[in-house]
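J.: Residue numbers (the working numbering), protein chains in the order written: chain A, 1 to 465; chain B, 1001 to 1488; chain C, 2001 to 2094.
Among the clues, some could well be false.
[As the list claims (entries may be wrong)] Derived EDC-like pairs: lysine to aspartate or glutamate, alpha-carbon spacing no greater than 16 Å straight-line:
{"#": "1", "chain 1": "C", "residue 1": "K2034", "chain 2": "A", "residue 2": "E344"}
{"#": "2", "chain 1": "B", "residue 1": "K1060", "chain 2": "C", "residue 2": "E2069"}
{"#": "3", "chain 1": "B", "residue 1": "K1060", "chain 2": "C", "residue 2": "E2067"}
{"#": "4", "chain 1": "C", "residue 1": "K2025", "chain 2": "C", "residue 2": "E2010"}
{"#": "5", "chain 1": "B", "residue 1": "K1060", "chain 2": "C", "residue 2": "E2065"}
Don't read these hints as lab results, they were simulated from the structure. Computed from a prediction, not measured in an experiment: that's the story for all the values here.
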Amino acid sequence: MTPKTAIDARDELAGGASVEEYVLSLLERIRERDRTINSFITVCEASAIEAAKALDRKRGRGEKLGPLFGIPVAVKDNICTIGIRTTCGSRMLENFVPPYDATVIKRIKEADAIVIGKTNMDEFAMGSSTENSYFGPTRNPLDPTRVPGGSSGGSAAAVAGGFAPLALGADTGGSIRCPASFCSIVGLKPTYGAVSRYGLISYANSLEQIGPMASNVDDCELLFNVIRGYDPRDNTSLPQGRIEAKEGKLRIGVPKEFFMEGVQEAVGVHVRKFLDKMSGVFEIGEISLPSLAYALPAYYIIAMSEASSNLARYDGIRYGLRGEDGGDWNETYCNNRGIGFGREVKRRIILGTFALSAGYRNRYYIRAQKIRTLIREDLGRAFKEFDLIAGPTMPVLPFKIGEKLDPLEIYMCDIETVPANLAGTPAISIPCGMANGLPVGLQLMAPPFGEGLLFRAGRIIEELA
Amino acid sequence: MGGEAGEERIKIGLEIHCQLTNLRTKLFCGCPADYRGSPPNTHICPICMGLPGTLPSPNKRAIEDGVAVAIALNSEISRRMTFFRKNYFYPDLPKNFQISQYDGGGGVPLARGGYLDIEGGKRIRIRRIQIEEDPAKLVHEGTIGDSAATLVDNNRAGVALLEIVTEPDIEDPREARAFLEKLRGILECLGVSNGELEGAMRCDANISIGGGTRVEIKNISSFKEVERALAFEITRQRQLLARGIGVRRETRHWDEVRRITVSLRAKEEEEDYRYFPEPDIVPIEISEDFIESVRRRMPELPDQRKERYMREFGLQEHNAELISSNNALWRLFEECVKMGGDPIEVSNWLVGDLISFTRELGMELTDPRVSPRKIVELVNLIRSGAISTKIAKDVLMESLRGDESPEEIVRRRGLLKISDESLLRGIVEEVFRENEGAVKEALRDEDVVNFLIGQVMRKTRGKADPKLTYELVKRNLERIAHGEGPSA
Amino acid sequence: MGEITPEDLERLCWLSRLRLSQEEKEEFLGQLNKILDYFRRIEEVDVEHVPPTYHVVDLTNVLREDEVEEPRPDEVLELAPRRKGRYILAPRII
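Chain A with its partners taken away, still in its complex shape (with noise of 0.2 Å):
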């Protein structure tokens, strides 16, 4: 059994292929190839059999099969699965198993879906090239001596290199669109409170979001649509929610500061030809977003703070490592946090202390805060003009493993990806073609629960594409 899509992949299941030995097929593949790609942390070899078997004799006995059934999900190694480590890419939780599933993971095993395996990601999300794990760099299954991008990098490979028709990931600044683009898969960041974010391990929890990974735009739908909606659990959590566009065709803006700062010249002029052949079937014009030059600053700001007080928590002595005791308390602390954590994480940290602290609290997290807020605005506007916003998802082509050293260089690859975030809104990204050889991907913004307009749009860019 080959099936192209998860969808049919399903319909074949549901109509009587053995789903353990489709499993079983792709954990070979995954022993054969993932040695190289390095897409899963923690295979779940053992549990997928078995849960493959139990839906086998489930179909057996005639009852109502899920919407998923059958089909192995790949899910990113900070979302919370119940009895399976999860590592969030860090030494910190190497060998930590929760005793709970995330929302979203209750929700595909209600759907019939397999947990197929745990997805490396940059540590805590911290990245955007899946090279900041613990457990080693993920390659790009369509040029292994590049990155796949990140920090969703594990779950891209893992549908890329067709070891799982759907994966999970979560985005906090692009780390779901920024590897699907660099994957040419789909990627959707859902509307913030759209899926819950229980059991998702925070890095920045007021901006980051669960979100389906798949091939194909109707794949992503489908488990877009099984993971959305209200969770009590969720604090942020909305009622579902769904915005219509009118009829006739749709309005995508096109903002021009998406194409300025740090855009690669093949991905800028790749993109805008791409836009010329969706002038027939949308209707596209130029608009100017001013705030968006202030994004990423604010963004990261943003994330720094959030995250140097939620990785609090790591200190070794309720979960987690636990180094040799020295000292008093605050000396083990310092010692399992020193070789816990990465350097990225540890600079993050650091930065982020720094942003709330006394003196500085005003001048950066404050002020980013309100950068924030007139970056909602502007993109409120625009879509009072606009069904769509449109533009590169990456200002560069994926790039070689260990290229990027600095940083800062690495920041700025979110500069597309992280409007989106900081407003809350849902933003896909579309395969559109090939430059220099390598993938681009288009990113569409749409207001808070626009994902129906998303994907309707996403379907005809597949076409073209």
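For this one, chain A is given, so just place chains B and C on it according to the hints.
T.: Same frame as chain A, but now just chains B and C:
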């Protein structure tokens, strides 16, 4: 005595942490909040332990309870508030930050301002009231100095706390204690916190003398200790000032055993709490309707009750104050009045002997042996002239010790007052016969008259009606004075 | 002169309880200041009358009823690397 009186002025401010002990669950998770007496780490879940991926869910009733307290303390309730994170590392904080509130930097507490009047009409102003989570409990093996490890029990972690901060309006340690007792009464009356429970109400104090440096005192376990710690600190500061030594701005720890305050070792670094709004909890808006609905459900407060007792029953302020501020006492009082007891008499017995007797017996006022029926019977026995006040005290004591009611005791022990004149006359004559010398003296010396009355009382074991006895003794003496025989 | 001095870095490490190696300290100092230089770009914008956005959802009063959810404490307690009886062992406090 030197300098102006104003320089000597003592200013005390209190910071009180009270657990909302009547909540069923913790502030942000469904763990049972009633942890007392449970084995360590049994009331814990992924949320209050700060496990990765978990999120807080604020308890609605905690907000309601906080609002009720704010109303009772006449505070201005914030219409929109957010929880803030207070960031600092300590082994009693599972997340290494505390979800609290922040007054400033865009934050507002649950309520600001307000006041509480203590005995004598003194007004103590409230600065703010906020809601936060309690840290875990640390147990040190051995002493804190040489302990090899700290044991952490997280049962308390995440229990809802109300932090109440006063302005520095308190001027002496007794006032501090009176304030705390009054506050405890209010919290109990509102049904939000039982201050009697171990650790349910904890207090830090700050104190300055003559507008000088402010010193904070922490680790005070009970109200009595607050009074002691403050008294010690005043003496210490005065001695320093008298010797011309400046008072250092510092935090001191109250050592209950040695009864002194000790300077806490200077912190390595000054704290920087890096407050910011809790991203995982959306803001809370408190509407006028919400406040009204809480207000409607609120019981009568001690001050309101006191006014009513004075107005309705004509109680003296002192009695009204004492009874209305003690939950057991006012419940008892109202039961007694309902059963027909005279309110003033009842109030005198409650405030006077009942309190001291129960204390002597080591009994709680809520003990079932302290029943309203007993008080009412007692008051009625006195009123009808059946027993004297003196006997009544014995009867009350005996009645409190056991299950017998005052009437039963009086009947069993034959304590009814002897007011039968012919019976009493015989006893008086007997006393006159047995004390001829004293009778002669009594004709000249009024004090000896009392001796004769005392002898009558002794023979009747106190049951003789004192008024009647006095009359009979006097009458007999007059007759003797007029040369008549002793007998009438 | 960067915003963060070596002394500041020590203090920030203390505040966030992080032990850095000498090599990390040397590497970080320049990187952090370079990042901060870039962050200060936000000072170009006049935000005096702009309110901050702390939450992007316009929700308020999402509150839980005061109902007990029976905890399963053992599965949480088991995660602690060092325990004594039912206590979690933390290092000593001086």
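J.: Are any of the numbered hints broken by this structure? If so, which, sorted upward?
T.: none
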